[in-house]
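Chemist: Residue strings, one per chain:
Number of protein chains: 2
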Amino acid sequence: MAVIDLSKQIALGIDIGGTNTKFGIVNHRGEILDKGRVKTESATIDEFIEQLYVEIRPMLDKHSKSYQLMGIGVGAPNANYYTGMIDYAPNLKWEGKIPLAGKMTEKFGVPCKITNDANAAALGEMMFGAARGMKDFIMMTLGTGVGSGIVTNGQVIYGHDGFAGELGHTIVKPNGRKHWSTGSEGSLEAYASATGIAITAKKMRAEFPNSMLNNYPEDEINSKTVYECAEAGDPIAIEVFRYTGQKLGEALANFVMFSSPEAILLFGGVIKAGDFILKPAKMHMERNLLPIFRGKVKLVFSELPEADAAILGSSALVWEK
Amino acid sequence: MAVIDLSKQIALGIDIGGTNTKFGIVNHRGEILDKGRVKTESATIDEFIEQLYVEIRPMLDKHSKSYQLMGIGVGAPNANYYTGMIDYAPNLKWEGKIPLAGKMTEKFGVPCKITNDANAAALGEMMFGAARGMKDFIMMTLGTGVGSGIVTNGQVIYGHDGFAGELGHTIVKPNGRKHWSTGSEGSLEAYASATGIAITAKKMRAEFPNSMLNNYPEDEINSKTVYECAEAGDPIAIEVFRYTGQKLGEALANFVMFSSPEAILLFGGVIKAGDFILKPAKMHMERNLLPIFRGKVKLVFSELPEADAAILGSSALVWEK
Chain V
183 MAVIDLSKQI ALGIDIGGTN TKFGIVNHRG EILDKGRVKT ESATIDEFIE
233 QLYVEIRPML DKHSKSYQLM GIGVGAPNAN YYTGMIDYAP NLKWEGKIPL
283 AGKMTEKFGV PCKITNDANA AALGEMMFGA ARGMKDFIMM TLGTGVGSGI
333 VTNGQVIYGH DGFAGELGHT IVKPNGRKHW STGSEGSLEA YASATGIAIT
383 AKKMRAEFPN SMLNNYPEDE INSKTVYECA EAGDPIAIEV FRYTGQKLGE
433 ALANFVMFSS PEAILLFGGV IKAGDFILKP AKMHMERNLL PIFRGKVKLV
483 FSELPEADAA ILGSSALVWE K
Chain U
183 MAVIDLSKQI ALGIDIGGTN TKFGIVNHRG EILDKGRVKT ESATIDEFIE
233 QLYVEIRPML DKHSKSYQLM GIGVGAPNAN YYTGMIDYAP NLKWEGKIPL
283 AGKMTEKFGV PCKITNDANA AALGEMMFGA ARGMKDFIMM TLGTGVGSGI
333 VTNGQVIYGH DGFAGELGHT IVKPNGRKHW STGSEGSLEA YASATGIAIT
383 AKKMRAEFPN SMLNNYPEDE INSKTVYECA EAGDPIAIEV FRYTGQKLGE
433 ALANFVMFSS PEAILLFGGV IKAGDFILKP AKMHMERNLL PIFRGKVKLV
483 FSELPEADAA ILGSSALVWE K
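If you read the sequences in order, they're chains V and U. According to my numbering, the stretch in the first sequence is residues 183 to 503, in order. According to my numbering, the stretch in the second sequence is residues 183 to 503, in order.
None of these hints come from the bench; they were simulated from the model. Please read these numbers as outputs of a predicted model, since none were measured by experiment. A hint or two may mislead.
Each pair may be met inside one copy or between any two copies, as identical chains are not told apart.
[Said to hold, decoys possible] In the PhoX-like style, the derived pairs of lysine-lysine whose C-alpha atoms are separated by at most 25 Å in a straight line are:
1) Lys-217 to Lys-480
2) Lys-360 to Lys-478
3) Lys-355 to Lys-317
4) Lys-244 to Lys-221
5) Lys-217 to Lys-275
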């Protein structure tokens with residue numbers, strides 16, 4: 183009987199974004215042996231896969247003497263874990279349903295699993311990051327949008343149709359702020375994403391002419407500049423993050439009462455605001471929790487380097503039980 | 183090697199409520215071979231278990247020639263699946279942490295598993311009721327309070343500490359109606375429980391003196407009398423249920439975007455209002471969903487007889503994988 187030597191196994195992790203696609207060859211300990219990127223601009227999925235293959239095949243060949251490629255994991259918007267299809271992703275140019283997993287397997291000759299980027303990030307944290315050893319946690323990615331990956335009993339929740347974990351679209355304020363893309367009113371994403379923070383900042387600076395936020399042109403108001411103003415002590419910029427943290431915390435309380443996680447992990451550009459958001463988020467989460475949940479749930483930042491997290495997360499799909 | 187004959191196996195299901203405790207001997211097909219009840223009034227847990235034993239032992243003896251008792255399942259408020267303890271249940275007179283599962287095993291000589299009543303109800307539906315064959319669903323119990331049991335990947339979600347699934351306490355309206363017991367503001371339970379419906383009805387009838395609801399004395403305003411008025415065509419009574427259904431539907435949309443269930447099952451006294459609640463609930467659920475979830479989730483009533491559901495659900499704990 184052959185002994186399985188994990189140290190000889192590698193996975194290919196691919197993260198498909200609207201603009202760039204990143205990929206890396208990852209070993210079982212989460213070390214990236216090689217990585218690269220291409221623009222996500224091919225007109226057809228077949229051209230895109232061919233482009234990936236041309237880039238990746240030489241890398242794989244380089245490692246093929248020492249390592250065995252076990253499979254491919256892909257994180258992509260609207261990627262369905264069950265069907266292996268990307269379903270009508272609004273940020274990608276390929277329309278309709280794209281049988282990505284099947285085509286990747288055909289091209290590379292190994293199994294391929296796909297899921298959305300937030301679920302992949304959750305797997306990455308469970309395997310290599312802050313959620314190591316945890317069986318129940320929620321991963322929130324706070325970037326341009328708000329994504330989420332939910333793990334219970336040690337498994338990512340994919341749900342009946344593969345689309346579970348759209349926590350950014352849950353409503354935190356009925357009849358609240360209209361979402362720029364979905365049209366829903368009062369979703370978490372409308373407040374707690376970088377996009378939402380910019381909207382909040384623009385509203386608040388209009389009300390307070392003395393705010394430092396008024397020193398920037400309209401198109402430079404974003405979570406980074408708001409952070410600079412908050413750091414410089416501008417009370418309105420601080421209030422922008424406090425309000426954002428409150429909405430986030432209220433939403434997190436509801437999530438805790440759903441799945442009772444050990445921790446909530448936060449990831450993405452927005453968390454650069456640090457305690458400006460984390461403290462109010464924690465306060466409003468605790469305040470809205472039923473007493474039996476209070477003081478139990480860790481609210482922590484991701485431990486994975488942002489540049490590599492998507493690759494690590496995607497590769498973790500290969501090792502998922 | 184012994185052949186396992188499921189038809190010879192039985193489970194003891196026990197449902198501990200604030201006033202009454204119901205129990206039954208249940209076979210693998212969900213048939214109740216025998217059942218009974220005692221008042222939940224013993225001063226200590228040991229007395230209570232003794233009282234149960236005196237009632238149940240003769241029943242078990244009667245069946246012991248033909249059947250083998252595989253275990254005991256107990257549904258009780260604040261019952262912790264992991265620890266086997268009841269933790270500070272507000273409706274029960276035994277204070278502190280009660281090691282119920284251990285004491286039951288000691289007395290009856292078989293394994294005992296416990297969980298809260300809503301989780302037990304979800305297991306009952308999965309094994310014997312409307313959720314047979316489903317791996318992803320949410321069970322909502324709409325009674326005096328609002329409870330929930332969540333199943334994903336074919337397993338009840340217990341969460342990190344055993345208390346997952348407190349969906350009745352999620353906030354549906356920030357700064358909304360104050361909860362009579364927890365003090366939280368705007369929880370689902372404050373609106374969609376029988377208690378919440380009575381509050382809504384009392385408020386609305388005060389605003390509309392012509393409503394039939396004003397024909398009842400204050401202490402007779404409950405979900406039953408509101409239903410009678412709605413049936414008789416009173417628009418205010420109908421509005422009470424519509425408003426309740428709206429709040430329920432808005433909450434359900436958030437739950438769907440969390441775990442993407444195949445179905446949401448509704449159970450409990452409140453569902454006697456039928457379409458008066460179900461239709462607005464469905465409409466507002468759909469309206470608040472992200473498009474990829476719309477038109478997919480079944481919203482259905484429980485199929486288990488209300489009198490036996492708690493016993494069946496508790497017994498299902500014994501067969502749970």
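Chemist: It remains to establish, for every hint, whether it holds in the given structure.
Modeler: Evaluated hints:
Proximity of Lys-217 to Lys-480 under the C-alpha cut-off of 25 Å is found in neither arrangement, the shortest distances being 32 Å within a copy and 44 Å between copies. Within a single copy, Lys-360 and Lys-478 get their C-alpha atoms only as close as 33 Å, which misses the 25 Å cut-off; across copies the closest is 24 Å, which meets it. Within a single copy, Lys-355 and Lys-317 get their C-alpha atoms no closer than 30 Å, and across copies no closer than 31 Å, so neither meets the 25 Å cut-off. In this assembly of identical chains, Lys-244 and Lys-221 lie within 25 Å of each other by CA distance solely inside one copy; the values are 23 Å within and 74 Å between copies.
Within a single copy, Lys-217 and Lys-275 get their C-alpha atoms as close as 24 Å, which meets the 25 Å cut-off; across copies the closest is 62 Å, which misses it.
Of the numbered hints stated above, those contradicted by the structure are hints 1, 3, listed in ascending order.
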